[in-house]
Amino acid sequence: MELAPVGGICTLPCRLCQHACTRPVSGTRDVPWVSFLLLGTGLAFLFVGLRRAFGQPQQYRGRIAGPILGALSVLFVALLCFVVFYQTRQLPASPGAPKVGERAPEFVLPDMSNPPVSPSSLLSTPFMNSQMPPKGVVLVFYRGYW
Amino acid sequence: MSRDLCRKAGYTFTFLSDAKAEVIRRYDLLHSGAGVKGQDIARPAEFLLDSAGVIRWANLTEDYRVRARPDQLLEQARELK
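If you read the sequences in order, they're chains A and B.
So that you can map any letter, position 10 of the first sequence is 114 in my numbering, and since no number is skipped, the others follow by simple counting.
So that you can map any letter, position 39 of the second sequence is 53 in my numbering, and since no number is skipped, the others follow by simple counting.
Don't read these hints as lab results, they were simulated from the structure.
This one's a predicted model, so the numbers in the text were calculated from it and none came from an experiment.
Cβ atoms here follow ideal geometry from the backbone N, Cα and C, with glycine treated the same way.
Mixed in with the good hints there might be a few duds.
Distance ranges between label pairs, derived from CB positions [to be verified]: (1) 135(A) with 85(B): 13 to 21 Å; (2) 65(B) with 175(A): 26 to 34 Å; (3) 237(A) with 85(B): 23 to 31 Å; (4) 40(B) with 155(A): 57 to 65 Å; (5) 83(B) with 171(A): 22 to 30 Å; (6) 18(B) with 160(A): 57 to 65 Å; (7) 40(B) with 250(A): 15 to 23 Å; (8) 79(B) with 175(A): 41 to 49 Å.
Which stretches of chain A does chain B cover? Using the computed rule of at least three CB atoms under 8 Å from a CB of chain B, they are [unchecked claim]: (9) 197-208; (10) 213-219; (11) 223-229; (12) 237-250.
Chain A side only, calculated, beta carbon under 10 Å to chain B, not exhaustive [as the list claims (entries may be wrong)]: (13) 110; (14) 134; (15) 178; (16) 192; (17) 193; (18) 194.
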């Protein structure tokens with residue numbers, strides 16, 4: 105069994121899985137531990153395989169494919185670590201953002217079909233089937249554009 | 015575009031558009047140049063306002079992959095009088 109290439113190939117689809125599956129396992133958002141587990145398994149295979157390929161070359165092959173896939177695997181692991189532990193935490197300080205206890209700054213923005221909307225209009229308009237104005241409003245600033 | 019998105023996703027909540035990022039700037043939530051093509055974009059943030067328009071809970075995450083969960087928001091919203 106040529107474990108080095110197997111290990112390398114194991115680590116390759118991990119990054120793809122991450123994008124293809126939208127949260128298959130709960131709790132993988134804060135720390136994507138499934139990805140790390142798969143990557144770790146792949147690296148373990150890779151390590152054992154490389155030891156065999158170079159330690160007992162008469163029995164095992166993979167001295168060319170192993171290091172190539174090995175380098176790629178390490179690169180993928182490094183990339184995942186970079187994104188998870190560094191890149192997504194690069195956010196502005198936002199010192200001027202409204203704080204708890206302050207009045208939310210008023211604004212008027214267009215809704216899709218209704219007249220323009222402001223926080224005070226949302227708080228004074230009965231919501232859906234209710235006769236009463238809502239008890240509160242949630243403002244979600246979504247990180248996206250289209 | 016927003017209308018298509020809401021219809022496809024089944025959103026029934028009010029869906030606002032801040033094309034010039036004016037409100038995003040007023041709330042100091044602009045992450046300039048962080049879009050895929052270098053556009054200015056909002057950092058993800060959630061605010062819960064009470065009936066007087068006062069902020070009762072806010073979440074400016076330190077990691078943009080990690081945002082408020084629905085149950086977190088519901089728990090806070092239940093405490094509103």
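*List, from low to high, the hint numbers that the structure doesn't satisfy.*
Structure breaks hints 2, 5, 8, 13 and 15.
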